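Student: The hints should help you fit chain B onto chain A, whose structure is shown.
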Amino acid sequence: MAYPEQCEICPVNRGSKLVKLGETSDSTDYVIALAGNPNVGKSTVFNNLTGLRQHTGNWPGKTVTRAEGAFSYDGSNYKVVDLPGTYSLMSTSTDEEVARDFILFGRPDVAVVVMDATRLERNLNLVLQVLEITDKAVVCVNLVDEAERKGITIDDRSLARELGVPVVLTAARIGRGIPELLRSIRDVATGALVCKPRRGWTEDKKVKSALDELVALIGPEYPGLPNVRWVALRLLEGDQRIIDAIRSGELKSLALRGEHGEEVISRGKE
Amino acid sequence: MSQNVQAKAESIITRARGLRWQVGEAFHDRAIEALYEEATHIAGRSVTISGERPRFNFDRTLDRLLTSRWTGFPIMVLLLAAVFWITIELANIPSKMIAGLLLDTVHPALKEFGTWIQMPSWLSGLLFDGMYLAAAWVISVMLPPMAIFFPMFTLLEDFGYLPRVAFNLDFLFRKAGAHGKQALTMVMGYGCNAAGVVAARIIDSPRERLIAIITNNFSICNGRWPTQILIATIFIGALAPPQLAGVVSALAVVSVVLIGVFFMFMVSWGLSRTVLRGEGSTFSLELPPYRPPRILQTLYTSVIDRTLIVLWRAVVWAVPAGALIWLVSNIHIGGRSIAEIVVGGLDPVGMLIGLNGVILLAYIIAIPANEIVIPTVLMLTVLVAKMTGVGGGSGVMFELDSAEATASVLQAGGWTVLTGVNLMLFSLLHNPCSTTIYTIYKETGSAKWTTVATLLPVVLGLVVCFLVAQVWRMVG
Chain A
1 MAYPEQCEIC PVNRGSKLVK LGETSDSTDY VIALAGNPNV GKSTVFNNLT
51 GLRQHTGNWP GKTVTRAEGA FSYDGSNYKV VDLPGTYSLM STSTDEEVAR
101 DFILFGRPDV AVVVMDATRL ERNLNLVLQV LEITDKAVVC VNLVDEAERK
151 GITIDDRSLA RELGVPVVLT AARIGRGIPE LLRSIRDVAT GALVCKPRRG
201 WTEDKKVKSA LDELVALIGP EYPGLPNVRW VALRLLEGDQ RIIDAIRSGE
251 LKSLALRGEH GEEVISRGKE
Chain B
1001 MSQNVQAKAE SIITRARGLR WQVGEAFHDR AIEALYEEAT HIAGRSVTIS
1051 GERPRFNFDR TLDRLLTSRW TGFPIMVLLL AAVFWITIEL ANIPSKMIAG
1101 LLLDTVHPAL KEFGTWIQMP SWLSGLLFDG MYLAAAWVIS VMLPPMAIFF
1151 PMFTLLEDFG YLPRVAFNLD FLFRKAGAHG KQALTMVMGY GCNAAGVVAA
1201 RIIDSPRERL IAIITNNFSI CNGRWPTQIL IATIFIGALA PPQLAGVVSA
1251 LAVVSVVLIG VFFMFMVSWG LSRTVLRGEG STFSLELPPY RPPRILQTLY
1301 TSVIDRTLIV LWRAVVWAVP AGALIWLVSN IHIGGRSIAE IVVGGLDPVG
1351 MLIGLNGVIL LAYIIAIPAN EIVIPTVLML TVLVAKMTGV GGGSGVMFEL
1401 DSAEATASVL QAGGWTVLTG VNLMLFSLLH NPCSTTIYTI YKETGSAKWT
1451 TVATLLPVVL GLVVCFLVAQ VWRMVG
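For the record, the sequence lines run as chains A and B.
Residue 19 in the working numbering is what sits at position 19 of the first sequence, and the numbering runs on without skipping anything.
Heads up: take any position in the second sequence, counting from 1, add 1000, and you land on the working numbering.
Be a bit skeptical, because a hint or two may be false.
Here are the simulated DSS-like pairs of lysine-lysine, each with C-alpha atoms no more than 27 Å apart in a straight line [as the list claims (entries may be wrong)]:
#1 A/Lys252 <-> A/Lys136
#2 A/Lys17 <-> A/Lys136
#3 B/Lys1008 <-> A/Lys208
#4 A/Lys252 <-> B/Lys1008
#5 A/Lys206 <-> B/Lys1442
Only some residues are given here: those of chain A computed to face chain B with a beta carbon under 8 Å [stated by the list, open to error]:
#6 Pro38
#7 Asn39
#8 Asp155
#9 Ser158
#10 Leu159
#11 Glu213
#12 Val215
#13 Glu237
#14 Gly238
#15 Ile243
#16 Asp244
Just so you know, these hints were derived from the structure itself, not from any lab.
All figures in this text were calculated on a predicted structure; none of them were measured in a lab.
By construction, the Cβ of each residue, glycine as well, lies at the ideal position given by its N, Cα and C atoms.
Chain A with its partners taken away, still in its complex shape:
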């Protein structure tokens, strides 16, 4: 390419494959969820993709509701959902539940997990949990500029090999790495690239057979429910909220919506 990579996402460049659509698009081909720990720059990545100016600020907990935007890339329309930051899929605060429910039951086509390059190890906890429940994920290691200043280098290829999903290094504040991120999102969304996410930590033999038994019990009872395996895992851990959701029928209604092909989040114009 003759021009620097930043030009690829510049709205002025007519040759660019990216068209930032702002808030609305007429039809959506793929839904992208942006998840990650608090204050890793999810909203900055979101703004970079959609051309929107969602409020960003340097403190954890700034985004508490779901923001939606859209862009078109290489001929397909994408809807992007910016989620509140969350440390874990097991947490219970209202803002973190918004994120968890969407990743679990919102059926995003691609889950983009944004990480802080300077705190990779801690951020990996959430990444591993997300990989546990979805086959289509892209890991975006953000803030690499900050990491470089601190003398931290991330080996993206080794990380991608370990995790089994594409890993992109970005510095969203200055637009670095966004073109690669877009390419990876497209490849995973279209199925051109098939992920083999790492699922090491629940591969205990005893656990696995118990999980399989529960999945076999729950699956037929709740046809259309995404992430049955996750529900089974939580049940096995004795999570009271999941037990309540089964009793109250909340889980049933989620499953029914899935069965009728309805989306928890609508794809078209709202």
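Tutor: Below, chain B alone, put in the same frame as chain A:
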């Protein structure tokens, strides 16, 4: 749910309980442990940290200063005062220019145009003296301070200062039985109370969240900053020698902010000792690294997104309010206009609490948007004092292109320093705007708590203003 489905659900739960015994009680802990091990393993393979650590750690040094027990608070107050001082010193110049254009040049031209196309005088009055002037007034009063204040505030936010404020205030909130993260919702409230109320979602415990929601109104919002700044300049700054006026006005605004923080603590404390009893829960707050703020981007977003959106909202409300004010001051019943009758009726109550009927009426008209309080006050003051030489008759806002001119109008309307002080206090302590009230209802889902959050500040405001007025009159 049918019985069959219910039975099936129960059987799944029972089976899960049985399996839990098989995999062992500590399964959850083991899973978490495995997760952490895995993360450490992967990070160890893909992260390299160069051996040379920089000798001078900028973040840590700065944090020692900004979050220290001794220097943290003074620096916070100084920063706040500096921001207001810069706003007050700079805002007057563009304010004069805008007023000169919109009020002195465009308004007479519009009136002339009306006469030229032989518009009936009531229509030209309603359109140009009511609606247009209200909007023009809001723009000239609000735009300059906002365009200066917001970017500075956003730069501090971008830099990473807000979590440090939360860190400094944490122990106070804990003592009040509230959540330390309430400091963050408080700071959000300085932008917009509705946003501050939504931000309370970061607090897990419903009890502490409710406290944060109810007390958020003690943060002065966008719509109230211009009132504070203008009144401080006119009444408090004028008491000081001219070269110190700016600093003194800035300190007056800071004092009101601190009084707001004080009330936030006292009310939180009161609530957590009575109706919302409980201990503050612990939490971990990450102090993010300091990041060099992106100056140009911040200027762009805070001017375009924040300033213009707030201004637009103010104009949208000012136009119908302008029409309403023009109507109530031009429809006469028994020789007196409706506005005069209402103001006359409210005056005794107003005087008792060190305000006046005009201010009370203005606050009623301005329930939808706090932004239009000052223009409404000025319009009504001119009308009731029947001033000649300013403006062009009843219901007309006038050409006031500087703070001094505004001061002379208010003094002619019978305002004293006490009125100014109490207006600043009442602007801090009164009901939230309609948008915030609606947001509180949506977030809490409770009419009861919405009512509490709405009425509590007004009652406090009335009591505080009354007490200040009594003490003031006794001493003076």
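Student: Evaluate each hint against the coordinates.
Tutor: Cross-check of the supplied hints:
| no. | hint | in the structure |
| --- | --- | --- |
| 1 | A/Lys252 <-> A/Lys136 | 25 Å, holds |
| 2 | A/Lys17 <-> A/Lys136 | 22 Å, holds |
| 3 | B/Lys1008 <-> A/Lys208 | 23 Å, holds |
| 4 | A/Lys252 <-> B/Lys1008 | 12 Å, holds |
| 5 | A/Lys206 <-> B/Lys1442 | 46 Å, violated |
| 6 | Pro38 | 7 Å, holds |
| 7 | Asn39 | 5 Å, holds |
| 8 | Asp155 | 5 Å, holds |
| 9 | Ser158 | 4 Å, holds |
| 10 | Leu159 | 4 Å, holds |
| 11 | Glu213 | 7 Å, holds |
| 12 | Val215 | 11 Å, violated |
| 13 | Glu237 | 4 Å, holds |
| 14 | Gly238 | 6 Å, holds |
| 15 | Ile243 | 6 Å, holds |
| 16 | Asp244 | 10 Å, violated |
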